[in-house]
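These protein sequences, in sequence, are chains R and V.
Those letters in the first sequence? Residues 1 to 272, by my numbering.
Those letters in the second sequence? Residues 273 to 600, by my numbering.
Calculated directly from the structure, the hints in this document are not laboratory data.
For clarity, every value in this text was computed on a predicted model and none was experimentally measured.
Where a beta carbon is used, it is the ideal one built from N, C-alpha and C, also for glycine.
Hints may be right or wrong, so weigh each one.
Here are the simulated lysine to aspartate or glutamate pairs, EDC-like style, with alpha carbons at most 16 Å apart [what the hints assert, rightly or not]:
(1) 246(R) with 38(R)
(2) 24(R) with 38(R)
(3) 80(R) with 11(R)
(4) 306(V) with 108(R)
(5) 174(R) with 480(V)
(6) 516(V) with 447(V)
Chain R regions said to be covered by chain V (calculated; three or more residues, Cβ under 8 Å) [said to hold, decoys possible]:
(7) 83-96
(8) 101-109
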Amino acid sequence: MLDSAEPYTTEDGRTIGPVVMEMKNITLRFGGVVAIQDISFDIREGEIRAIIGPNGAGKSSMLNVISGFYNPQDGEVWYKGEKRPSLKPYQVAQQGIARTFQNIALFEGMSVLDNVMTGRIRQMSAGLVAQAIWKGKAEREETENREAVERVIDFLEIQHIRKTPVSRLPYGLKKRVELARALAAEPSILLLDEPMAGMNVEEKEDMSRFILDVNDEFGTTIALIEHDMGVVMDLSDRVVVMDYGKKIGDGTPDEVRRNQDVIDAYLGVAHD
Amino acid sequence: MPEQLVYAMEVFLNGLMAGVLYALVALGFVLIYKASGIFNYAQGVMALFAALTLVGIMEGQVPFAHLINAAFGTDIHHFGWHVPALLAILLTMVVMIGLAWLVNYFVFRHLVSQEPIILFMATIGLAYFLEGVGDIMWGADIKKLDVGLPQGINEAIDEFTFGVFDYGFFIDNLDIVATVIAALLVASLIIFAQYTKQGRAMRAVADDHQAALSVGISLNYIWVMVWSLAGFVALVAGIVWGTKSGVQFSLSLIALKALPVLMLGGFTSIPGAIVGGLIIGVGEKLFEFSIGPLIGGATENWFAYVLALLFLVFRPQGLFGEKIIERV
Chain R
1 MLDSAEPYTT EDGRTIGPVV MEMKNITLRF GGVVAIQDIS FDIREGEIRA IIGPNGAGKS
61 SMLNVISGFY NPQDGEVWYK GEKRPSLKPY QVAQQGIART FQNIALFEGM SVLDNVMTGR
121 IRQMSAGLVA QAIWKGKAER EETENREAVE RVIDFLEIQH IRKTPVSRLP YGLKKRVELA
181 RALAAEPSIL LLDEPMAGMN VEEKEDMSRF ILDVNDEFGT TIALIEHDMG VVMDLSDRVV
241 VMDYGKKIGD GTPDEVRRNQ DVIDAYLGVA HD
Chain V
273 MPEQLVYAME VFLNGLMAGV LYALVALGFV LIYKASGIFN YAQGVMALFA ALTLVGIMEG
333 QVPFAHLINA AFGTDIHHFG WHVPALLAIL LTMVVMIGLA WLVNYFVFRH LVSQEPIILF
393 MATIGLAYFL EGVGDIMWGA DIKKLDVGLP QGINEAIDEF TFGVFDYGFF IDNLDIVATV
453 IAALLVASLI IFAQYTKQGR AMRAVADDHQ AALSVGISLN YIWVMVWSLA GFVALVAGIV
513 WGTKSGVQFS LSLIALKALP VLMLGGFTSI PGAIVGGLII GVGEKLFEFS IGPLIGGATE
573 NWFAYVLALL FLVFRPQGLF GEKIIERV
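Based on the sequences and whatever the hints tell you, model everything.
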């Protein structure tokens with residue numbers, strides 16, 4: 001068993017940091033329906049952590065617990081060594097946890113650039129008047145924020161659409177803009193809710209490459225949900241497998257692949 | 273120059289000035305609508321309430337005096353002091369911010385992700401509630417409001433036009449001041465919305481609640497801010513209208529004139545509210561001047577609504593509104 005406070009080195013030579021977030025015995029119910037039942041796992045700094053499982057397994061619920069959209073009835077969330085009280089989603093975001101949505105939540109009325117810029121709203125702190133007259137701290141901040149935003153835009157190769165209103169973009173690019181907005185926040189943990197959902201093979205490959213590059217280049221900790229097993233196994237360092245609200249497996253992709261419960265869950269049910 | 277044309281020019285100018293006043297009220301609607309998707313029927317009543325509160329504070333009136341007197345058998349009406357206009361305006365703004373907080377806390381916080389029509393109904397309720405509170409708090413009599421805005425005929429324009437056309441135009445100083453105030457208000461609102469963090473957050477919330485939450489924006493904070501801004505615009509409109517025609521309960525009816533303005537300009541556009549207001553102001557004055565005498569006058573009562581009706585038929589999103597695209 002690995003020490004949760006110590007970094008370790010993976011087989012392919014990457015260094016994974018200590019635990020940054022820990023879910024302890026999380027239970028989430030909607031009325032009589034148990035969406036998540038007594039699940040514990042942790043997320044380490046700098047790793048790509050996947051949560052997989054068949055449809056209806058409770059993956060999205062879990063992501064919503066992490067991002068504060070749902071508050072669990074039982075269990076604790078530990079973040080950066082402290083127990084997190086029950087927070088609103090915007091407070092969780094302010095703590096440095098950024099996310100994307102399965103069904104894409106962008107500011108449709110804004111341009112790509114404005115969307116990504118809004119991702120940095122947490123980094124804007126100059127006074128109202130200073131911002132309005134564009135002086136002093138506001139000016140410095142604006143320059144910094146613009147540079148950071150341009151870096152992200154360059155990195156995700158969306159320079160050519162920076163001035164385009166997002167409502168005009170195709171689905172695959174919208175997903176990328178959403179990733180850019182989350183990334184612009186310079187999050188401690190980046191949560192991706194089915195980043196590959198509804199994409200064709202080529203778009204999936206692009207997205208996989210971006211996720212790996214983001215993790216590599218910025219050292220961003222990434223937790224993602226996906227039900228496409230193949231994609232996840234290639235991407236992630238460690239995988240949590242859920243089925244019917246329960247955790248049935250947790251470990252490296254290879255360990256999970258050999259886990260009999262996981263094989264049953266995936267082969268025992270009809271699944272695309 | 274023919275006499276008729278000179279008169280028409282004066283009417284045109286007066287129409288522009290009236291239009292500015294319509295635009296002031298319409299602005300409050302657009303602001304709330306853009307930021308929260310709520311069509312705030314209570315905007316006119318808020319202007320009335322702001323004006324009532326302002327007069328009440330300036331005159332040192334005891335709020336709820338009738339209620340207190342009836343309950344305790346006392347006979348108090350005034351504190352016996354007078355508050356300077358500027359301080360009273362500041363205090364009124366504090367009251368309007370408090371009102372914004374209360375409105376969000378007791379009403380709209382509980383109506384998140386409800387249908388727009390539900391929210392609209394809530395604002396109708398709010399309008400009647402606020403009108404009642406205004407009445408109980410400050411009394412129903414017509415009050416004079418004087419915060420020191422200049423009033424009366426503008427001598428310079430009168431003399432200048434007399435020199436040019438041999439006929440002096442009657443332009444009220446108050447209308448000129450109102451125009452300047454409206455221009456400043458619009459400029460600062462646009463700067464606020466486009467260039468500040470809070471303005472960006474406001475636009476973000478209007479666009480998508482989930483996305484706004486995910487970048488760390490508190491919806492409640494933004495809503496209170498938006499209602500406070502609407503309260504501020506209402507206060508400005510209340511001051512100008514109140515100075516012009518006295519603070520009376522029919523003031524809340526000017527909100528109805530803002531409806532056609534919004535249909536013309538589009539519910540989502542700040543410049544639209546201005547242009548819409550000007551078109552209605554000029555349109556109804558010129559129409560009354562040219563066609564009015566032929567059909568028995570009083571066209572100002574209905575002209576704006578008919579114009580709005582035509583717009584609804586041919587351009588439902590208004591002049592500047594976002595294009596309505598139905599995807600099938």
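Hints versus structure:
1. 246(R) with 38(R): 7 Å, holds
2. 24(R) with 38(R): 8 Å, holds
3. 80(R) with 11(R): 26 Å, violated
4. 306(V) with 108(R): 14 Å, holds
5. 174(R) with 480(V): Given that 16 Å is the threshold and the Cα spacing comes to 15 Å, the pair holds.
6. 516(V) with 447(V): Distance of about 9 Å is within 16 Å: holds.
7. 83-96: Satisfied; 6 residues make the cut.
8. 101-109: holds (count 6)
Checked against the numbered hints given earlier, this structure breaks only hint 3.
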